[in-house]
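What follows is the residue order along each chain.
2 protein chains.
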Amino acid sequence: MAYVTIRDVAKHAGISVSTVSRALNGNGRISKETKATVERAVAELNYIPDSRAQAMRSSKTRTVGLLVPDIRNGYFAELAYSIQDALFDAGYCTFIGTSSESASRQDAFIMSILAQHIDGAIIVPQGESSDALKLLVERELPVVFVDRRVDGLDDVPLVDSDPLPGMRAALEDLRAHGFTKIGYVSGPVHTSPTLRERESVFRALACEMVGEEHVFVESTSFDQASCGSVLKRMSDAGVRALIFGYSQDMLRAMSLMGSMGLRMGEDFSMVSFDDLELFRLASPQVSVISQQVRQIGCRGARLFLDMVGEPERGMRAQSRSQRVETIYVPRGSVGDAR
Amino acid sequence: MAYVTIRDVAKHAGISVSTVSRALNGNGRISKETKATVERAVAELNYIPDSRAQAMRSSKTRTVGLLVPDIRNGYFAELAYSIQDALFDAGYCTFIGTSSESASRQDAFIMSILAQHIDGAIIVPQGESSDALKLLVERELPVVFVDRRVDGLDDVPLVDSDPLPGMRAALEDLRAHGFTKIGYVSGPVHTSPTLRERESVFRALACEMVGEEHVFVESTSFDQASCGSVLKRMSDAGVRALIFGYSQDMLRAMSLMGSMGLRMGEDFSMVSFDDLELFRLASPQVSVISQQVRQIGCRGARLFLDMVGEPERGMRAQSRSQRVETIYVPRGSVGDAR
Numbered sequence: 001m002a003y004v005t006i007r008d009v010a011k012h013a014g015i016s017v018s019t020v021s022r023a024l025n026g027n028g029r030i031s032k033e034t035k036a037t038v039e040r041a042v043a044e045l046n047y048i049p050d051s052r053a054q055a056m057r058s059s060k061t062r063t064v065g066l067l068v069p070d071i072r073n074g075y076f077a078e079l080a081y082s083i084q085d086a087l088f089d090a091g092y093c094t095f096i097g098t099s100s101e102s103a104s105r106q107d108a109f110i111m112s113i114l115a116q117h118i119d120g121a122i123i124v125p126q127g128e129s130s131d132a133l134k135l136l137v138e139r140e141l142p143v144v145f146v147d148r149r150v151d152g153l154d155d156v157p158l159v160d161s162d163p164l165p166g167m168r169a170a171l172e173d174l175r176a177h178g179f180t181k182i183g184y185v186s187g188p189v190h191t192s193p194t195l196r197e198r199e200s201v202f203r204a205l206a207c208e209m210v211g212e213e214h215v216f217v218e219s220t221s222f223d224q225a226s227c228g229s230v231l232k233r234m235s236d237a238g239v240r241a242l243i244f245g246y247s248q249d250m251l252r253a254m255s256l257m258g259s260m261g262l263r264m265g266e267d268f269s270m271v272s273f274d275d276l277e278l279f280r281l282a283s284p285q286v287s288v289i290s291q292q293v294r295q296i297g298c299r300g301a302r303l304f305l306d307m308v309g310e311p312e313r314g315m316r317a318q319s320r321s322q323r324v325e326t327i328y329v330p331r332g333s334v335g336d337a338r
Numbered sequence: 001m002a003y004v005t006i007r008d009v010a011k012h013a014g015i016s017v018s019t020v021s022r023a024l025n026g027n028g029r030i031s032k033e034t035k036a037t038v039e040r041a042v043a044e045l046n047y048i049p050d051s052r053a054q055a056m057r058s059s060k061t062r063t064v065g066l067l068v069p070d071i072r073n074g075y076f077a078e079l080a081y082s083i084q085d086a087l088f089d090a091g092y093c094t095f096i097g098t099s100s101e102s103a104s105r106q107d108a109f110i111m112s113i114l115a116q117h118i119d120g121a122i123i124v125p126q127g128e129s130s131d132a133l134k135l136l137v138e139r140e141l142p143v144v145f146v147d148r149r150v151d152g153l154d155d156v157p158l159v160d161s162d163p164l165p166g167m168r169a170a171l172e173d174l175r176a177h178g179f180t181k182i183g184y185v186s187g188p189v190h191t192s193p194t195l196r197e198r199e200s201v202f203r204a205l206a207c208e209m210v211g212e213e214h215v216f217v218e219s220t221s222f223d224q225a226s227c228g229s230v231l232k233r234m235s236d237a238g239v240r241a242l243i244f245g246y247s248q249d250m251l252r253a254m255s256l257m258g259s260m261g262l263r264m265g266e267d268f269s270m271v272s273f274d275d276l277e278l279f280r281l282a283s284p285q286v287s288v289i290s291q292q293v294r295q296i297g298c299r300g301a302r303l304f305l306d307m308v309g310e311p312e313r314g315m316r317a318q319s320r321s322q323r324v325e326t327i328y329v330p331r332g333s334v335g336d337a338r
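Chains as they are written, first to last, in UniProt numbering: chain Z, 1 to 338; chain R, 1 to 338.
Everything labelled a hint here was simulated from the structure, so no lab data went into it. Predicted model, so just to flag it, every value in this text is computed and none were measured. Hints may be right or wrong, so weigh each one.
Chain R is faced by these chain Z residues, among others (derived, beta-carbon under 8 Å) [stated by the list, open to error]:
#, residue
1, 72
2, 81
3, 94
4, 95
5, 108
6, 116
7, 130
8, 254
9, 278
10, 281
11, 282
12, 283
13, 327
14, 328
From the three backbone atoms N, C-alpha and C, an ideal C-beta is built for every residue, glycine too.
Bound conformation, chain Z alone (with noise of 0.2 Å):
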């Protein structure tokens, strides 16, 4: 049998179906020869409590949807760790899907998880709104937002984090390296608020630093192509000094230089978001702006699990929040200008 159901149980055992629940749940009066004949069958079946029945008296699965866009992406992959391990300490099990930055995946996602009667929903939300996201919401399950908001559902609690420390002090390592010039490439920001962000910061401060004329920007889509244009364009601008806001591009740019036989460091000192293993391996390896991914995360999972915990939630909490400090490391991709 596929699924061991409690008439399977009662069958097993020779009584009644009602008897069994009564046996099971504790309630009214069970001889003490009747619940070991419950017991022995539900152990000689592997009788598991089907958590659907229980979600209906309960509405508690204990099991939380967590989507995130890429897994391959190593900020997101250590993301999704650190909330899922908060959880996993709290007694939830995490279901991870993944959007790979599609609206209709995202929306797929989410119809499943409303589908299965989950508990709630921790989503790093994929573009603007959707149906999806607007009827999960509306279902009032406890939904955070992480890394990422949404115009529109303004009033879903979010974890991100604020670009503006570690984009102050990156920008001031790189002055203190003498660069006058500073390039900023700004990734697919059509797709986020969040890069929509970083980039006015790092706009708003390098205009007071610099002076608006030695201040460069561009944005990239998500492929190689565009990335290498973008790095030619700003060579030929004679900028030597580069902050990216996007990892991927940085990743990407990494890997054109190293075709280009270009050396970070030298022909172009760089800064990137995100404190990925592989800027720690790199060689020099790279400055960052840090957005304390684990700390980002388990915010994100503390708040979720105050959500569940309070069965109100009066308050629809902007007011709950809340933003990480970026902090810089700096390292050996950023040196002296020529």
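We have chain Z; now place chain R onto it with these hints.
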């Protein structure tokens, strides 16, 4: 309301639950007007037919549980991505869990998916057999193992890679570069029959090629320190060519060598299992024995989909297990012996 039920739809439409049920399932005779009323109520309430109720009828939720050891490991991230991608194309939603190389976490995930009535599971099993794994298999749900087998559960269909072709080509390359002593870092072999198989394939081939007295094999545990002492002992024994059976050890070795001022391809010639993105971005790039992870993922997903399509599944199909050939990809991390 947290979940809209068929009762809410009936109430909203002002008709009985059984009529709504018949309208939704297309059973029995329903007037056009009634059908339209029900459809309007469904749309207005955003009612999603309950997959748990559907599952009770059809045993299908179109969700698959996928367990991998650690998504922070690029190999498993890529494996999970390719499985999920193939299943998504077939209309299945994947719930990913991770075991963190811990048998108790694996078992917790398996119990969760059993309780949720998922259609089946694709598992990278953790270590030896466990009660939960046995239970999963006994339930006769479609289950496929990928990447690792489990002693004692030999009739679960398995997709993994054959280490021999890639290992032979790697050894031939090291020989061609003039190395006569060859070391093998086999990883935490106690955790995995796969790692044990690689080690014995290495031993057999290397002993044949360079003679037993020139073959050095060491295992590690899950930490940097054990990897460091292995490097030191290999170096003391005059070994300058190393093959890593476990890519995480290779990453640790790269990081250790960086801080010790040793260069890949010069001080040590190195080959690692698994074609990680990191290895392509390193300088020099790392020569690898690729498991062709996407092929493993695709075949695992296809094997699963075959099983789901077969209600009888008469053959519990050792015969349907598949091995993907490893291939050797030579790059700059192997230099000439001095």
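Hint by hint, here is what the structure shows:
Look at residue 72 of chain Z: its Cβ gets to within about 5 Å of chain R, closer than 8 Å, so that hint holds up. About 5 Å separates the beta-carbon of residue 81 of chain Z from the nearest beta-carbon of chain R, less than 8 Å, and the hint is met. The restraint placing residue 94 of chain Z at the interface with chain R holds, with a minimum CB-CB distance near 7 Å, inside the 8 Å limit. Given the 8 Å rule on beta carbons, the hint for residue 95 of chain Z holds: about 4 Å separates it from the nearest Cβ of chain R.
The interface hint given for residue 108 of chain Z holds, since its Cβ lies 6 Å from the closest Cβ of chain R, which is under the 8 Å cut-off. Taking 8 Å as the C-beta contact cut-off toward chain R, the hint placing residue 116 of chain Z at the interface holds, the least distance being around 6 Å. Annotation: residue 130 of chain Z was flagged as interfacial toward chain R, and the flag is violated, the nearest CB pair being 13 Å apart, outside 8 Å. Evaluation of the residue 254 of chain Z hint against chain R yields a held restraint, the C-beta minimum of about 6 Å falling below 8 Å.
For residue 278 of chain Z, the suggested interface contact is upheld, since its CB lies about 5 Å from the closest CB of chain R, less than 8 Å. With its C-beta approaching chain R no nearer than about 6 Å, residue 281 of chain Z sits inside the 8 Å limit, and its interface hint holds. Interface hint status for residue 282 of chain Z: upheld, as the beta-carbon distance to the closest one in chain R is roughly 7 Å, under 8 Å. Hint on residue 283 of chain Z holds. Least Cβ distance to chain R is approximately 6 Å, under the 8 Å limit.
Taking 8 Å as the C-beta contact cut-off toward chain R, the hint placing residue 327 of chain Z at the interface is violated, the least distance being around 21 Å. Among the interface hints, the one on residue 328 of chain Z is violated; its C-beta lies about 21 Å from the nearest C-beta in chain R, farther than the 8 Å criterion.
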